[in-house]
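> Sequence:
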Amino acid sequence: MARLDLHKVAKQGSLSVHVADQLEALILQGKVKVGEKLPTESQLCESFGVSRTVIREAITHLKSLGLVETRRGVGTTVLRSTAVEARPAERINPTTVEDILHVLELRLALEPAAAELAALRHDDEDRRLIEATHAAFIEAQAEKSQARVEDFEFHHAIARATHNPFFEQFYEQLSPSGIPRAKLLSIDINPAAAERYLARVQEEHAYILEAILSRDGEAAKETMFQHLNRARNMYAQYQEN
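Once you know that position 28 of the sequence shown is 28 in my numbering, the rest is easy, because the numbers rise by one and skip nothing.
Hint data in this document are derived by calculation from the structure and do not stem from the laboratory.
Note that this is a predicted model, so its numbers are computed, not measured.
Among the clues, some could well be false.
Stated by the list, open to error - Under the rule of at most 25 angstroms between Cα atoms (straight-line distance), these lysine-lysine pairs were calculated in the PhoX-like manner:
(1) 144 with 63
(2) 63 with 37
(3) 33 with 63
(4) 63 with 31
(5) 144 with 183
Produce the complete structure using the sequences and hints provided.
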């Protein structure tokens, strides 16, 4: 591979977004061609001056755009030079989109903080519950379910792990209807695109889980923010149609 012109990112704003933007630009400009591999995780960490968590978040974003795929033992390979984001539905009623965005705005204000506290405060029982809800999501996805309840329970388990009763009460009031897919009509769902979208959600959940169980509060906060912010940005696109 040709030497890439990568720049260390400023310690302001979301580091993973800065990294993803640079890598996306290189792919779209053809400086990393279809079929070529990106540098290894370690090499990217060194080039950008950031942690593995930041690099993984950036790669997850590129996957969500359909630009790359990662295979164990092979690395991350460029699939295409134009972005095609996986969107779970063909269309969504404008009022429904507005409701989804309002809920995500609220969740973005609270859940990154909850993830950070969960990383710092969780006990063995919390660990078991968060791991179990993540496993349930994976199983539901494998059965071609929309995994709405399992998605909710994963986030609910994180709220419990804060050991702050008000975080848990907030999530209990939110209920599974707070998961955006709960508001989508079955007739509007694109099964193939929804499957790719859920694969991305599963991977994002895995990174959140890893950060929490590692007691890395900053990484937990960042990965949760990126998870919810990607959803917000994706659903906002339905307003442009």
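> Confirm or reject each hint.
Evaluated hints:
no.: 1; hint: 144 with 63; verdict: holds, 20 angstroms
no.: 2; hint: 63 with 37; verdict: holds, 13 angstroms
no.: 3; hint: 33 with 63; verdict: holds, 15 angstroms
no.: 4; hint: 63 with 31; verdict: holds, 18 angstroms
no.: 5; hint: 144 with 183; verdict: holds, 18 angstroms
Hint check: no violations occur; every hint is consistent with the structure.
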